[in-house]
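J.: Each chain is listed here by its residues.
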Amino acid sequence: GAVVSQHPSWVICKSGTSVKIECRSLDFQATTMFWYRQFPKQSLMLMATSNEGSKATYEQGVEKDKFLINHASLTLSTLTVTSAHPEDSSFYICSARDGVRQGDGYTFGSGTRLTVV
Amino acid sequence: LAKTTQPISMDSYEGQEVNITCSHNNIATNDYITWYQQFPSQGPRFIIQGYKTKVTNEVASLFIPADRKSSTLSLPRVSLSDTAVYYCLVGDRGTGRRALTFGSGTRLQVQP
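So the protein lines, in turn, are chains D and Y. Okay, so the first sequence: first residue is 1 according to the working numbering, each after it adds one. Okay, so the second sequence: first residue is 1 according to the working numbering, each after it adds one.
Please note that a few of the clues may not be correct.
[What the hints assert, rightly or not] Straight-line distance between alpha carbons at most 30 Å, and here's what the computed DSS-like set of lysine-lysine pairs gives:
| # | chain 1 | residue 1 | chain 2 | residue 2 |
| --- | --- | --- | --- | --- |
| 1 | D | Lys-41 | D | Lys-66 |
| 2 | Y | Lys-54 | Y | Lys-3 |
| 3 | Y | Lys-3 | D | Lys-41 |
| 4 | D | Lys-14 | Y | Lys-54 |
| 5 | D | Lys-14 | D | Lys-66 |
| 6 | D | Lys-64 | Y | Lys-69 |
| 7 | D | Lys-55 | Y | Lys-69 |
| 8 | D | Lys-20 | D | Lys-41 |
| 9 | D | Lys-64 | D | Lys-20 |
[As the list claims (entries may be wrong)] Which bits of chain D does chain Y cover? Going by a derived footprint, with three or more residues having C-beta under 8 Å, they are:
| # | segment |
| --- | --- |
| 10 | 23-35 |
| 11 | 76-90 |
| 12 | 109-117 |
FYI, nobody ran anything at the bench for these hints, they're computed from the structure. The beta-carbon is built from N, C-alpha and C at its ideal position, and this holds for glycine as well.
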């Protein structure tokens, strides 16, 4: 089935630094990718929708200048957490859908555990 | 998007059949019902999707009554590895351009 590769799987960074998370669709083209955030024991919350070749759409309450999204190609979207702070520590997950193999639903990356110290 | 309601948690034992019911009273005519499974520190994984009646695959079955206001995910003979959070989602089948909206999910704990 469709595969979405997400890296890194975990990262620890110092407060004030930036971290980039990559999400690649390996065997399909993803015009649209989605970025979610998940805090412990909570459900996934949509942060933004990433569209290839255009600006991302952010959900209410998500700072676009803090969470920079780039979707420069049909197979790669990146999320950069700028000037990270401890409250940004969370599990970040990307998702996309293979428009050809529609029966498989949406495919999710394996997630990135970000810890800001 | 239709809101879903499912039990917060369920407990079971290995070898038992587990049925998780989801309520979606305001499901729209074009909406499909999809279930995802999530293990700790992993992204969700698609389990099954259906529109009406019954759908079965190698992993689970999905039962949808005629009024489609609820659905039941059935996991036959669960094992310890089925311990996970299960999410019921309702929405279009997915063009890939609209994000999924996750509810609270059901945390299934399978005991030996």
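J.: Could you run down the list of hints and mark each one as holding or not?
T.: Here is what the structure says about each hint:
no.: 1; hint: D/Lys-41 to D/Lys-66; in the structure: 24 Å, holds
no.: 2; hint: Y/Lys-54 to Y/Lys-3; in the structure: 21 Å, holds
no.: 3; hint: Y/Lys-3 to D/Lys-41; in the structure: 20 Å, holds
no.: 4; hint: D/Lys-14 to Y/Lys-54; in the structure: 51 Å, violated
no.: 5; hint: D/Lys-14 to D/Lys-66; in the structure: 16 Å, holds
no.: 6; hint: D/Lys-64 to Y/Lys-69; in the structure: 37 Å, violated
no.: 7; hint: D/Lys-55 to Y/Lys-69; in the structure: 37 Å, violated
no.: 8; hint: D/Lys-20 to D/Lys-41; in the structure: 24 Å, holds
no.: 9; hint: D/Lys-64 to D/Lys-20; in the structure: 14 Å, holds
no.: 10; hint: 23-35; in the structure: holds (count 4)
no.: 11; hint: 76-90; in the structure: violated (count 0)
no.: 12; hint: 109-117; in the structure: holds (count 4)
The earlier numbered hints that this structure contradicts are 4, 6, 7 and 11.
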